[in-house]
Amino acid sequence: MKPILTLILKDVSIELRRKESVAAMVMFGILVMVIFNFAIESANVDPALRPDLAPGILWVAVSLSGILGLNRTLAIDLDNDSIQGLLLAPLSRGSLYLGKVLSNLLFILVSDAIAILSVLVFYDLDADRRLLWVALVVLLGSIGFASVGTILSMVSSHTRMSEVMLPVLLIPMTIPLIISCVAATATALTRDAARPSLSLIIGFDIIFLVISYLVFEHVVEE
Amino acid sequence: MNATSLALSAHDIGKTYGHFPALAGVTLDVARGTSVTIFGRNGAGKTTFLKIAATLARASSGDVDVAGFSVGEAPEDVRRRIGFLSHNTYVYRDLTPRENLRFFSRLYGLDLSDDELAERLGRVGLGHRQNDPVRSFSRGLLQRVGIARVTLHDPEVLLLDEPYTGLDRGAVDTLNMMLDQAVEEGRTVILTTHDLELGLRASGRAHIIDRGRIVYSGGAADLETREAYRHFIQSGTKP
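Quick note, the sequences are listed as chains A and L, same order. Position in the first sequence (from 1) plus 70 gives the number in this note's numbering. Position in the second sequence (from 1) plus 141 gives the number in this note's numbering.
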């Protein structure tokens, strides 16, 4: 556990110094909200329907800003090929993978928190108990997103145009997860505060995490 | 030589990238506490061989043991006992030398105090720059941080891939001093280089690798070694 914590602290310390990844993710998430808000305003959508659009827009912001963050955090380890230094350390590839997933998840969750607050403001939602369910759905969805995103960012780093390749690989693979998250968020936001079904999302998280953990070794070694 | 007296034992190592054979059956034994240089032209397979020994690449065929542990079966035990340095130093440019060493020492399960970190940095002549961001360092200073990183956990075997590339005179002297000291302390040094004089100075034995095979092995002080180098490395032909 200690090496994993060391990896996370290193990423946080570099991020605090560079202030690149999280700032870019937060700004991008807010911009997505603003653009959708303008689009909805100009389409004269019935104000009563605005909350119904919120789940989809929230997940567009969460997933796109997440991709941006995954690319940025990997860049920390690719600069000066520092990732090779990590691979030379006497820890399992699985521990290295978990460390990177947790770092990415931490950054994604900070950005997610701002995205949830923005969606409250832009789409006239009440900050009540339903918000806790939304936060839980976003947490679980982000775990799956970070799990598969971490390994795919590593795969795409071996290709030319890696920043383009990551969304091309990640979005199709996470579509089932994102659809489940949108549906669960929509359920959580209904007026009668129904309990969203999380089993599918948890299932995706476990599958993505276990498979990525097992294949990470083959991705990082030549 | 029996297995325990060997720092590295490679048997018939092959490595292909797609259809390209980077290594085509390398067999090499290196005794503990010795210093060996592997010469070779660009693309000869030197880096691939060292990367396999350092667990950074997987051999397509053959077996390698380093410090008595199989690279394929006990990679973490191998990594605990090796220090790998290339012309890329693998340190984080956004951190200071002290922060880099603290980070890497924790990955090795070491909890070095500030004084110990300062002492390690002092050994490579970076005592006065330990709190400056590595990003502001010249190539030579960067390599000194790399040397400090590699020797942090007192490895039994040092694998050095073209370590002299781009170094100024001072950094070359620091590296040579470190290599001499490592051999005196009974560590094993395996390095690759293009530079005949630096390579022979640093080692007791020399090997030449060409097209993925060891084509010559001899004593570093032998005149025959210089002749072989001239043929294989400079003219690309057999003597």
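Read the hints as simulated data drawn from the structure, not as lab findings. Predicted model only: the values in this text are computed from it and were never measured. Be aware that a few hints might be false.
What the hints assert, rightly or not - In silico DMTMM-like cross-links for lysine to aspartate or glutamate, where the CA-CA straight-line distance does not exceed 25 Å:
#: 1; chain 1: A; residue 1: 72; chain 2: L; residue 2: 309
#: 2; chain 1: A; residue 1: 72; chain 2: L; residue 2: 170
#: 3; chain 1: A; residue 1: 72; chain 2: A; residue 2: 233
#: 4; chain 1: A; residue 1: 72; chain 2: L; residue 2: 217
#: 5; chain 1: A; residue 1: 89; chain 2: L; residue 2: 273
#: 6; chain 1: A; residue 1: 72; chain 2: L; residue 2: 257
#: 7; chain 1: A; residue 1: 72; chain 2: A; residue 2: 151
#: 8; chain 1: A; residue 1: 72; chain 2: L; residue 2: 218
#: 9; chain 1: A; residue 1: 89; chain 2: A; residue 2: 233
#: 10; chain 1: A; residue 1: 72; chain 2: L; residue 2: 153
#: 11; chain 1: A; residue 1: 72; chain 2: L; residue 2: 338
#: 12; chain 1: A; residue 1: 72; chain 2: L; residue 2: 321
#: 13; chain 1: A; residue 1: 72; chain 2: A; residue 2: 116
Said to hold, decoys possible - Computed, partial: chain A to chain L, Cβ under 10 Å:
#: 14; residue: 71
#: 15; residue: 73
#: 16; residue: 76
#: 17; residue: 80
#: 18; residue: 93
#: 19; residue: 147
#: 20; residue: 149
#: 21; residue: 150
#: 22; residue: 151
#: 23; residue: 156
#: 24; residue: 157
#: 25; residue: 159
#: 26; residue: 163
#: 27; residue: 269
Ideal Cβ positions, reconstructed from N, Cα and C, are used throughout, including at glycine.
Okay, the hints, checked on the actual structure:
Distance check on the hinted pair: residue 72(A) and residue 309(L) sit about 38 Å apart at the alpha-carbon level, beyond 25 Å; violated. The straight-line distance between the Cα atoms of residue 72(A) and residue 170(L) is roughly 36 Å, outside the 25 Å bound, and the hint therefore fails. For a cut-off of 25 Å, the pair hint linking residue 72(A) to residue 233(A) is broken: about 31 Å separates their Cα positions. For the hint pairing residue 72(A) with residue 217(L), the CA-to-CA distance comes to about 16 Å; that is within 25 Å, so the pair holds.
A distance of roughly 19 Å separates the Cα atoms of residue 89(A) and residue 273(L); the hinted pair therefore holds under the 25 Å criterion. A C-alpha spacing of about 20 Å is found between residue 72(A) and residue 257(L), which places the hinted pair at or below 25 Å, so the restraint holds. Our distance criterion of 25 Å between C-alpha atoms is met by residue 72(A) and residue 151(A), whose separation comes to about 23 Å. Restraint check: the Cα-Cα separation between residue 72(A) and residue 218(L) comes to about 18 Å, which is no more than 25 Å; the hinted pair holds.
Between residue 89(A) and residue 233(A), the direct Cα distance comes to roughly 19 Å. Compliance with the 25 Å bound is thereby established for this hinted pair. Distance check on the hinted pair: residue 72(A) and residue 153(L) sit about 38 Å apart at the alpha-carbon level, beyond 25 Å; violated. With a C-alpha separation of about 44 Å, the suggested pairing of residue 72(A) with residue 338(L) is violated against the 25 Å cut-off. About 34 Å separates the Cα atoms of residue 72(A) and residue 321(L), which puts this hinted pair outside 25 Å; it is violated.
Between residue 72(A) and residue 116(A) the CA atoms are separated by roughly 53 Å; this puts the pair beyond 25 Å, and the hint is violated. Interface restraint check: residue 71(A) against chain L, minimum CB-CB distance 12 Å, threshold 10 Å, status violated. For residue 73(A), the interface hint holds, since its Cβ comes within 10 Å of a Cβ in chain L; the closest pair sits about 6 Å apart. Interface hint at residue 76(A): satisfied, since its Cβ lies 4 Å from the closest Cβ of chain L, which is below the 10 Å cut-off.
Using the Cβ-Cβ criterion of 10 Å, the hint placing residue 80(A) at the interface with chain L is satisfied: the shortest such distance is roughly 5 Å. Here the hint on residue 93(A) is broken, as its CB sits about 15 Å from the closest CB of chain L, past 10 Å. For residue 147(A), the shortest C-beta to C-beta distance to chain L is roughly 8 Å, which falls under 10 Å, so the interface hint holds. Evaluation of the residue 149(A) hint against chain L yields a held restraint, the C-beta minimum of about 6 Å falling below 10 Å.
Given the 10 Å rule on beta carbons, the hint for residue 150(A) holds: about 5 Å separates it from the nearest Cβ of chain L. The restraint placing residue 151(A) at the interface with chain L holds, with a minimum CB-CB distance near 5 Å, inside the 10 Å limit. Hint status for residue 156(A) relative to chain L: holds, with the closest Cβ pair at about 7 Å, below 10 Å. Of the supplied interface hints, the one on residue 157(A) holds, with its beta-carbon coming within about 6 Å of a beta-carbon of chain L, less than 10 Å.
Taken as an interface hint, residue 159(A) checks out: its beta carbon lies about 4 Å from the nearest beta carbon of chain L, inside 10 Å. Because the beta carbon of residue 163(A) sits about 9 Å from the nearest beta carbon in chain L, less than 10 Å, this interface hint is met. Hint on residue 269(A) is violated. Least Cβ distance to chain L is approximately 36 Å, over the 10 Å limit.
Going down the numbered hints, you'll see the structure goes against 1, 2, 3, 10, 11, 12, 13, 14, 18 and 27, while the others check out.
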